[in-house]
Amino acid sequence: MSDHKPTGITRWLFTTNHKDIGTLYLWFAFIMFLVGGAMAMVIRAELMEPGMQVVDPLFFNSMTTMHGLIMVFGAVMPAMVGFANWMVPMMIGAPDMALPRMNNWSFWILPFAGTMLVSTLFMEGGGPAFGWTFYAPLSTTFAPASTDFFIFAVHMLGFSSIMGAINIIATILNMRAPGMTLMKMPLFVWTWLITAFLLIAVMPVLAGAVTMMLTDRNFGTSFFDAAGGGDPVLFQHVFWFFGHPEVYIMILPAFGIVSQIIPTFARKQLFGYASMVYATAAIAFLSFIVWAHHMFTVGMPVAGELYFTYATVMIAVPTAVKVFNWTATMWKGSMTFETPMLWAVAFVFLFTIGGFTGLMMGVAPADFQYHDSYFIVAHFHYVLVTGAVFAIIAGIYYWIPKWTGNMYDERLGKIHFWWSTISVNVLFFPQHFLGLAGMPRRIPDYAVQFAEFNFMSSIGGFAFGAAQLLFLYIVIKCIRGGDKATDTVWENPEGLEWTIPSPAPYHTFETAPKVK
Amino acid sequence: MSASKIMKKLFSLLCAGLVLIPASVLADYELNLTPSVTQLGRDIYDLHMLILWIVTIVGIGVFAVIIYSLINHRKSKGAVAAQFHESATVEFVWTVIPFIILVAIAVPATKTLLAIEDTSNPDLTIKATGWQWKWEYEYLDSGVHFFSSLDKASNDARQMNSGTDPRTVPNYLLDVDKPIVVPVNKKIRILTTANDVIHAWWVPELAIKRDAIPGFINESWFKAEKTGTYRGQCAELCGKDHGFMPIVVNVVSEGEYNDWIAKQKKLAKASAASANKTWSKADLMKRGQEVYNAQCAACHQANGQGIPGVFPAIAGGKITTGPVKGHIDIVVKGKAGTAMQAFGAQLNAADLAAVITYERNAFGNKTGDVVQPSQISK
Amino acid sequence: MSSKAGSYYLPEPSHWPIVGSIGLFTMLFGFAMALPGTSDGQMGNMTMMYVGLAIIIYMLFGWFGQVIGESEAGTYNAQVDVSFRMGMVWFIFSEVMFFSAFFGALFYARQLSVPWLAGEGNNAMTNELLWEGFKNVWPTNGPANVGGEFKLVGAWGIPFYNTVILLTSGLTVTWAHWGLKKGNRQQLILGLFLTVALGALFVALQAYEYGHAYSDLNLKLTSGIYGSTFFMLTGFHGLHVTIGAIMLLVMLLRSMKGHFSAKNHFAFEAAAWYWHFVDVVWLGLFIFVYWL
Ligand code: HEA
Ligand code: HEA
Ligand code: CUA
Ligand SMILES: [Cu+2]
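Protein chains in written order, with our numbering: chain A, 1 to 516; chain B, 1001 to 1378; chain C, 2001 to 2292.
Careful: at least some of the hints might be erroneous.
Stated by the list, open to error - With a straight-line cut-off of 25 angstroms between C-alpha atoms, the simulated DSS-like cross-links for lysine-lysine are:
(1) B:LYS1187 / B:LYS1111
(2) A:LYS414 / B:LYS1077
(3) A:LYS477 / A:LYS5
(4) B:LYS1281 / B:LYS1265
(5) B:LYS1318 / B:LYS1366
(6) B:LYS1263 / B:LYS1226
(7) B:LYS1186 / B:LYS1127
(8) B:LYS1111 / B:LYS1226
(9) C:LYS2151 / B:LYS1127
(10) A:LYS332 / B:LYS1075
(11) B:LYS1277 / B:LYS1127
(12) A:LYS484 / B:LYS1075
(13) B:LYS1366 / B:LYS1325
(14) B:LYS1263 / B:LYS1277
(15) B:LYS1263 / B:LYS1127
(16) B:LYS1277 / B:LYS1223
(17) B:LYS1075 / A:LYS414
(18) B:LYS1077 / A:LYS332
Source of the hints: derived by calculation from the structure; they are not laboratory data. Just so you know, these numbers come straight off a predicted model, no measurement behind them.
Please work from the sequences and hints to get the whole structure.
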């Protein structure tokens, strides 16, 4: 084993080092976030005023679809895997991931899958324009030829995620330093362990769904065609069996990150560690049995609607435990508000708001009114943007001194925070009103009574987008220099990652540390 | 003040606080769930308010605690961190309380849901079929049957850079050429289905949203208690013009409804009669252009160029410049498994003849063919 | 769980993954280009797909070759072995979930969509207005009689023999494992050989049965929901049997070269686990696709 850092392009192409791979994941995610964000800017530009001004309706649908897909599969998930790669081995005292070569492959499939996905936009007939949920038959019989490329891109993304998840499980279960029992693991590690199980359970189901699409499109099967005895709604069941756990795949690691940050800056141990673990597991379990709350309007038997209502609202219980535990951790702490803490606290507030609207939509008769309106769009951006993305940003500020050895610019970090937090609410809060007043989602143009709030939302969107360019600048600035970070970086933080030098050496814990 | 009024104020304030605009500016806009003109709609509204209040109160409680501690338990104020990090009692309590709250929500939710799903004993049944991108309505009791698509004013204004300010178009995007008409205070059952992809029939004020799924029929119902015009839109992404397939329901008195039905039957007869007439080419071209722009331009585009890879061009097409028979065939019967619909069921023979004549002689197609209604066999 | 200092083998940088990605991309892009895009179209030029496939095969040889070399050189300690085992177990679990999507489709069609099309539940109008006269019977190719009348493959003919074949092969592979653990290489080789032979026989019979279904029974992939689920499930299963048999064949060749020891033979066990998984899936198929 070499001690030196390899150099040149092959360092990145051939790497088996968890830190390099983590960096690759994070940069890939960031770039995809900018690409997906640019598409969101197109959406917001078209929706700024009533009437069609910027793009034609078909391309608008492509933008919506690609925006959702890229943000979910290209930005949030890879960012979380990037954190796992960097932090899990360091947190459990392992020398690297369990299967380093496969780790490389998990990452290096992504750029190829991303290329295949984005290339569809340039094909005849345009890219996928059927929503990120690609319901049949719009995505089968009535979709452009590029859809087959989209299908294979999803296959590749799934393959990558499954391999990544296997690696994480093997690492966590097999590579812990002596004394690092399961119930001593940092909460971030726990959330990723459970997330990895979710991934292995549902990504293959998504692969099954797109495979059925493929054969319905090309080989004359009738899975989603009533004439042959199938059912378009079957597609939705299969998709959401994947799709609902998927949203928790994006939020559980975010819970983990926040659960690392809040204790550090409250200078107080995490409240209710064990119940946090159980709550995470409970959320994961429940996530498998609530999928049809996305399909209340498809005309399910009433017993099904009732069941899915009850099961869905139950998720509020373990999530409540989490929110209350964070609150209790802050309570009687000794808090300071460095940038990571600001993002984490904002996460707690804004994610909760998103969770509340989720709860409202979980109630079937009410959801009949909310479904497919901007109320849903508001809900999921609160949990995804001010939830998952805020946690990711918090995590980057929290650990980037450890990664680069430099402190980020605290003043710019605070500006980034306040600018983002204010603008993101201008962006998404009015969408609640739009949805309740009856504006459907996925439309390029709308009736004039929706004009004011859409205008407001677009302004907020541009402001929020610009704030992320500032973030890019802050990150680059931090990589290139800045105040030297100490080894602990923060005041007495907990965890093995703070026992090694900053920046973290290329190889860490080749000799396993002892954990008391 | 009623609960809903208070909520509305609260909402305005919240919003105003967020965007720093005086509340009075926003007071004119709809902030809360659209009020309904049906009993079920009001039940849904109440349920919505119940949950909204619960989460607002829980939210205020949780946020108050966090904010209190953010203000008081900070290091700069000399706070010293306490040592506690567990409490079985507290944790038990805050697991059980949410659970109880949820049960409290589930009970009225169940009641409302059961009422919504009881579609038995309707006074009138209407089948609504979603097509790309219009609705077909069939009154199963009286046989009245027609298509309903975006009205011309909106359709013109919504074209890319049309130059028309949507604000000057009445009911922009929420108006149709032909609304459905139903009697007030009657249980109307709506059967939704689709011809191509999934659509959804949504009228907020009637509190119905139900998917229209090809090959299956879903049932839903409403009983409007007030006459008036209620507007909605397709609520499931159904392709390019998903944003442009509105729904308009005219709720009228029983008498007006009966008159309307009688008139529809007469109109159907008149339209059948037009098939026997022989038309001049100029008339066919004129009418054909109208039909084309209303029915075909959404896909094949106003300039006949189509969208490569999605919708074929009419200009210089193999079929549109080939034998007349093939052209009639594809327009009348459509092409199964593609977006090309069977227009035989949608248009009368005169319209079909006109649009085919038009396609064969416009966009640089110079076949010179004139197709008469009598040539159209469905 | 714990390791001696620095003993966990961390591989050098490797070019195999990126080669694999290029292969995967080339193969799938080529496949997508060749696809007709419509249910009645013709496949186009598949050259690019085969090039991609060749790259993947090259990668598999290279990558596994390297791993085998490292393994034989004794670079892997017990902890590394555990990582490999976990990897394989969870990979198989992901395969189980992949199949469950198709089983789910089968159950959904049999229990829900077909009865609904026939008017059950609150779907009286579906049947009355759209599919009048359609009855809830299984098997079916749907109310539009998609693909035309077809006959079934009986459960107690070839499928039953195939069940016996696969179950027997499960035994022979276990017998081979016993041989390996006892250090009886002959038993290992014979057991593996029998297993691979049974696997090949299974695939051959399955191929014959497909031919029969297509040419004599008019049972095709296009035969409505029955044909779709039938061929999708049995087809993916057949593919997995083929992959499993290739894995076992490699194990056979390696055994003949003297690889594996009584204590150290993870690759063999991985292949055996995979084979058992394929076996269990077949039981599910036999019961729910052919028999009930
Ligand atoms: C990170 C992603 C994420 C997360 C965490 C969630 C969380 C939840 N979501 Fe959300 N959801 C999405 C992402 C997410 N969702 C997306 C992307 C869609 C749209 C998909 C599409 O169609 O494109 C969607 C859509 C969606 C729907 C479908 C709506 C429709 O299309 O009609 C529903 C319906 O039930 C729902 C419910 C919920 C619920 C109940 C939760 C719960 O987990 C929330 C639990 C949290 C709380 C409740 C707050 C904290 C709790 C307390 C402070 C305790 C006390 C509270 C009480 C007891 C009142 N979501
Ligand atoms: C994690 C996931 C995620 C994230 C982070 C976001 C982020 C954003 N989303 Fe979106 N969104 C989804 C997931 C996500 N979204 C999903 C799943 C859907 C559903 C899709 C579907 O219906 O199928 C959706 C749909 C969706 C819609 C509804 C579209 C419709 O129904 O028609 C809208 C509309 O406003 C929207 C807006 C935004 C905006 C403004 C942001 C912003 O937060 C983005 C901010 C980031 C940037 C802007 C990038 C940085 C800046 C630049 C690259 C430079 C350019 C900047 C300027 C010009 C100022 N998103
Ligand atoms: Cu029809 Cu959307
Ligand atoms: Cu969900």
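Structure-based check of all given hints:
no., hint, verdict
1, B:LYS1187 / B:LYS1111, "holds (19 angstroms)"
2, A:LYS414 / B:LYS1077, "holds (20 angstroms)"
3, A:LYS477 / A:LYS5, "holds (22 angstroms)"
4, B:LYS1281 / B:LYS1265, "violated (29 angstroms)"
5, B:LYS1318 / B:LYS1366, "holds (13 angstroms)"
6, B:LYS1263 / B:LYS1226, "holds (23 angstroms)"
7, B:LYS1186 / B:LYS1127, "holds (16 angstroms)"
8, B:LYS1111 / B:LYS1226, "holds (24 angstroms)"
9, C:LYS2151 / B:LYS1127, "violated (37 angstroms)"
10, A:LYS332 / B:LYS1075, "holds (10 angstroms)"
11, B:LYS1277 / B:LYS1127, "violated (32 angstroms)"
12, A:LYS484 / B:LYS1075, "holds (24 angstroms)"
13, B:LYS1366 / B:LYS1325, "holds (16 angstroms)"
14, B:LYS1263 / B:LYS1277, "holds (22 angstroms)"
15, B:LYS1263 / B:LYS1127, "holds (19 angstroms)"
16, B:LYS1277 / B:LYS1223, "violated (43 angstroms)"
17, B:LYS1075 / A:LYS414, "holds (18 angstroms)"
18, B:LYS1077 / A:LYS332, "holds (12 angstroms)"
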